[in-house]
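Chains A and B, in that order, give the protein sequences. Numbering-wise (this note's numbering), the first sequence opens with residue 37 and increments by one. Numbering-wise (this note's numbering), the second sequence opens with residue 4 and increments by one.
Honestly, the hints are just simulated from the structure, not real lab data. Predicted, not measured: the structure shown is a model, and the values here were computed from it. Treat the hints with care, as some may be off.
[Said to hold, decoys possible] Result set (SDA-like, lysine to any residue): computed pairs, CA atoms no more than 20 Å apart in a straight line:
| no. | chain 1 | residue 1 | chain 2 | residue 2 |
| --- | --- | --- | --- | --- |
| 1 | B | K349 | A | W61 |
| 2 | B | K349 | A | D62 |
| 3 | B | K189 | A | Y100 |
| 4 | A | K69 | A | T80 |
| 5 | A | K244 | B | K312 |
| 6 | B | K196 | B | C350 |
| 7 | A | K244 | A | G211 |
| 8 | B | K409 | B | D302 |
| 9 | B | K189 | A | T103 |
| 10 | B | K189 | A | R104 |
| 11 | A | K69 | A | D139 |
| 12 | B | K349 | B | R190 |
| 13 | B | K189 | A | M97 |
| 14 | B | K189 | A | E151 |
| 15 | B | K349 | A | D139 |
| 16 | B | K312 | B | T329 |
| 17 | B | K189 | A | T152 |
| 18 | B | K76 | B | A50 |
| 19 | B | K189 | A | W120 |
| 20 | B | K189 | A | K244 |
| 21 | A | K244 | B | R254 |
| 22 | B | K362 | A | R51 |
| 23 | A | K244 | B | V133 |
| 24 | B | K189 | A | S122 |
| 25 | A | K244 | B | L134 |
| 26 | B | K312 | B | G263 |
| 27 | B | K234 | B | C350 |
| 28 | A | K244 | B | H15 |
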Amino acid sequence: MSSPSSVPMDKGVPRFEHGSRVPGWDTPADLEKDPATIPGVGGTPSVPVPDGLRAEIEAHMALYPETRSASLPALAAAQRVHGWCSPEAIEQVACVMGLTPADLAAVATFYDMLETEPVGRHSVYVCTNISCSLCGADALLAAIQGSASDEEEFNVRGFECLGACDIAPMASVDGVYVGPLSIEDVPALLEDVRAGRPVLPEKQLARKRVADPHANTQEFPLHEAEGDA
Amino acid sequence: MSATASPMLLFHDIDEPGLNTLEVYERRGGYEALHKALQSSPEEVLAQLEASGIRGRGGAGFSMGKKVSFLPKGTMDKYLVCNADESEPGTFKDRELMQKSPHMLIEGIVIASYAAGTNRSFIYIRGEYVLQADMLDAALGEAREAGFVGEEILDSEHSLSLVVHRGAGAYICGEETGLLDSLEGKRGNPRLKPPFPAVQGLYQGPTLINNVETLATVPAIMRMGGEEYAKLGVETSTGTKLVSISGQVQRPGNYEIELGIPSREIIYGLAGGPPEGREIKCWFPGGSSAPVLTADDLDVPYDFDSLGKAGSMLGSGAIIVVDDSTPIVELAMKLAKFYRHESCGKCTPCREGTNWTVKMLERIDSGEATPMDLDIMASVQEHIIGNCLCVLGDAMAMPIGSMIAKFRPEFEAHIEAAQARNGLGATAASDLALVAQGAVEAHSEPADHTAEQLGAGEQAPGEHAGEPGTHQGGL
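Only chain B is shown next, with the shape it has when bound in the complex (with noise of 0.2 Å):
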């Protein structure tokens, strides 16, 4: 298997004791990236991210190279800011980094600040990590002694103030612009784009703004040469990968594969596969906000450009695997919920079509909803996508929106199941809507009389005609 044969450039001994501390990591060959960038000019080690084509790991997958050269030259003030906000459902894999080998992302940023001509940086970890951010406030202070951090670093010109700044909780955090605010104590909404923070960021000045997995990535890069590092992978998707597999499967975990390897090989080959006896229904391929691919699409090529053939995204390279003991539905509400909570509310279609996909989804597990209110569903979230500020939206409005097109029949059946228990057999919504009429205006005539009229099972539909997502309990 070609996953055996995978070079480790960021696991590479991983659960070294000691690798959080700057004497194992540099007895590793720790900070050796970072002399020989500061020997070359900016840029030749801008020359040399451009040459290893590495995609950026957050999500979006935009060249880092590219992103780099962005930021206008000359001397102002320019920030580096390192998304540790780490919280797409499934991906757990910047924790990893940064709580066993914090100094391999201080490098990285480090570098990356002399390619970009940026004198400030931050990393913006989220404040659940509350571990990984005491690691990493430990190897800064290191760090800062040996004078990798600081003023002219290594007898260089090259300075570099470096802060770890913890949030507070919010997904939208993880948006660039949202973290942007929030690092300037702000609620965490989004801007507008263009200006792109290349040009306008943090305090109105260009901003840097790259993960944890990119920049723990460019000393491997640097002491490897780019155009070595891009011969692995595949060509528009180079180098490897940490892959973080969850859910319904028998070895969960952070793996390193070289992209463009079949993704079966990963939920089989290393996470094992479904539990036994089991099948899978689906899986997200890049972290929840993914288009979903059923079992239909594990030989597709586990890269930037096959996945996005293929309907779906890398995305922060996060795979959940549902087996078929999990009901679409469940899955799509669990989904809608959590954007729904996070949805900042400051575009209308993501705050009201969060709001409005958990609505109708619950009205789907309850019974009340037709087929046709999947097509409505559907259309909603056709009408989130691309309409807001930010993708948050677009990433409840993509799965939701494949959920549906793939699994139609068993949100059918749900919808029959749930009728069928609510004792109404499969009655037309519109019929409902008027059996319910009438024992709404059958109860506004002497209730006595008519409870004793109404058999139970028609005072259902008056229950819940009012009050819907009651009646489950009660039927």
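Extracted from the complex, chain A is given alone in its bound form (with noise of 0.2 Å):
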């Protein structure tokens, strides 16, 4: 019987249905291995890397008193070039970086927005945390998540706060926040994103002026929309 498990576990330490993992887990690490391996580092082969990839990272790494503190800029801009954390692209900027492709997989796996398999092409992240979902969020999300079956094409999650509680429910749509979103928008913002317009532009964050009825002296227009894509 196929048994939806309500706890969604992690991909990595492989689990029963019911939630233990497999024995073999914890099995010790053989200490007699070789040290692991940086490509291009003592006679491991090395990995092309597009050039500009390289100068990217190069310049990140640059801006650090220690090099490895550009892992996260560096797995983006990879990122970017591939689509997603791939065995590849993680390869790449470990011989780029000098670190080993396990040092930069276990950063990739931390972190939300570092894929760590195939995904579409523009990310939805559709924030239902309190905020959002006190004011329909998860409505919002199966609604888009319905439309968008292009899985090629759209990269749709649930996210946590995206802080900006102050337009919920919202989404941010490659890195643009739009909201508050209700149902009827959903077809115009899947259309906006397929056309690579840009999206909703009169529900963008970046034209919201402030709340506070105090906060200006004077009249100002709405800001120019500068989050348009």
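Hints in hand, dock the two standalone chains.
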């Protein structure tokens, strides 16, 4: 019987249906084994890295006293090139940064915005945290998931608080915040993404004024849509 | 209303077009505070910060002046990190500041670094804030060009490098030591304290970490003087504060208030209160990590110590209002699932505690729990608090614990209603287990016969004893 387990288990550790780990998951590491290798160092074959990506990663590395600090921006850059943090993408970053691929895989799996599985081209993060869900975010997420069935195109996800509870319920579409969204907005939103247009320009956060009525001594016009993609 | 008289330090004409550019910011008196600061000694600037009494705006509410003074003196690699990983649910004040007035933050960072004697600084901004990070990068470029950031700032001996570092989506990176690990390019696991970051932080060097709003207030403190700033607000909570109000209110958004005004004035006066015909059920005064308060607490003054005395905290200054249309179990579940997702997994009480709290809440929601389970859940919360390296676990335990304490009858009613929905009446859990076992044993006999013998109503408990959480749709 298929059991839709109520607890989404992490993908890394193999588990039984009831949740406990498969024996052997804690088998100790083989200490006789050669140390992990870095592509291009100590006889390990190097991997070809696109010039643009290499330049971008090296520029990030130059900003910090310790180059390892650049691993988040570097993985983000590789994700932009490859679409996700694929094993190849991680190897290329490892090659440029002089780290082992395992080091970077550990980082990539920790952060929500780094994808460790292939995903659609356009990210649609729907905030489903408290403030947004009080304003109907769960129904919004279901509606977007229902309409964006072409998975090649869309990566629709429920996301933790995106820090825009004033425009709840909201979504971040390829990094552009839009809200408050209603179910009726969903077709137009997806159509804008498909057509490569700025998403729902009149609903973008960039154009919103501060709510505080005392903040402005005079009437200022709406902001230019700075967030337009 | 005193709210109307509240002075605007951070939000003054915040919507002026082009305030994010150096030209407009300077025309409005921007970077004058930096000139003033660099003409006095770092000790004098530090004295101003201490006199202002400003407490950190990120959540812990620790005195900023004290924090700066903890940094060791002398020549060494010291760092200043601005915490712009604003991910506490309900909080969105730093977003507004960085997007609309990024130069204010940069000016504050340069002044604070002068007082603390740091030469390298970083802004760790959450990866989701794409627009805001772009704004900061653009503003930083202008500031560098104009000589406000870089070598020998304004012909003084103070030099500072500043880098905008983008995160990649993890709540725990808002915790200061988790942030440091993340900034070093690792997983954002919190560190054991002590040593505190002021002694051993980024790259093992002394590090000053402050929230965006705290640093953005520094120019205002320099302009008006620490003592003048301390006259705003109340004795132990000085100054103004940005409050993010969200949830079920009529006018959600950011408001700048003077600390110490009654909470009612913020929720009803500024934000318009809950929608027509609704009443406030509970509210979080300082982000989702703060214990909930009820409608009875609306007259508590909105400042650090008064909210502490009322059994909650000011936290990041994010008020989330929940009206009486929302079931408390649903709210608790949202909250617990969030912390379960964001727990980094380093400390057992938090990793397991958040997981088991979600499981217990699911049992409550499905009617498998008994009122005794509420006590167990409350004790799980008690065992999390204070037993981990960081306060992420506490941040779930405190609000969930307060919900159980304040809304226990509703939790109990929820359990009874769910049991009734399952067709079990108010069967005690022990009976339920017996019924379930009986049904399971019966199933192991020739299946066709027992299926006929058992009514549909009795079959159900057998199913959900084996598989928690699956029966809801079926019944």
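Okay, the hints, checked on the actual structure:
1. B:K349 to A:W61: It holds: about 18 Å lies between the C-alpha atoms, which stays within 20 Å.
2. B:K349 to A:D62: holds (16 Å)
3. B:K189 to A:Y100: Measuring from Cα to Cα gives roughly 14 Å; hence the hint holds.
4. A:K69 to A:T80: holds (15 Å)
5. A:K244 to B:K312: violated (36 Å)
6. B:K196 to B:C350: With a Cα-Cα distance of about 14 Å, the restraint between B:K196 and B:C350 holds, given a limit of 20 Å.
7. A:K244 to A:G211: OK: A:K244 and A:G211 at ~16 Å, within 20 Å.
8. B:K409 to B:D302: holds (18 Å)
9. B:K189 to A:T103: holds (12 Å)
10. B:K189 to A:R104: holds (8 Å)
11. A:K69 to A:D139: With a Cα-Cα distance of about 17 Å, the restraint between A:K69 and A:D139 holds, given a limit of 20 Å.
12. B:K349 to B:R190: Since the Cα atoms of B:K349 and B:R190 sit roughly 11 Å apart, the hinted pair holds (cutoff 20 Å).
13. B:K189 to A:M97: Status holds; Cα separation ~14 Å.
14. B:K189 to A:E151: Judged against 20 Å, a Cα distance of about 16 Å means the pair holds.
15. B:K349 to A:D139: This hinted pair holds, its Cα atoms lying about 17 Å apart.
16. B:K312 to B:T329: violated (27 Å)
17. B:K189 to A:T152: Holds, at roughly 16 Å.
18. B:K76 to B:A50: Distance ~15 Å between B:K76 and B:A50 Cα, so the pair holds.
19. B:K189 to A:W120: Satisfied, since the Cα-Cα distance of roughly 19 Å is no more than 20 Å.
20. B:K189 to A:K244: With a Cα-Cα distance of about 35 Å, the restraint between B:K189 and A:K244 is violated, given a limit of 20 Å.
21. A:K244 to B:R254: holds (13 Å)
22. B:K362 to A:R51: holds (17 Å)
23. A:K244 to B:V133: Judged against 20 Å, a Cα distance of about 16 Å means the pair holds.
24. B:K189 to A:S122: holds (18 Å)
25. A:K244 to B:L134: It holds: about 13 Å lies between the C-alpha atoms, which stays within 20 Å.
26. B:K312 to B:G263: Cα-Cα ~13 Å, so holds.
27. B:K234 to B:C350: Roughly 42 Å between the alpha carbons, so the hint for B:K234 and B:C350 is violated.
28. A:K244 to B:H15: holds (16 Å)
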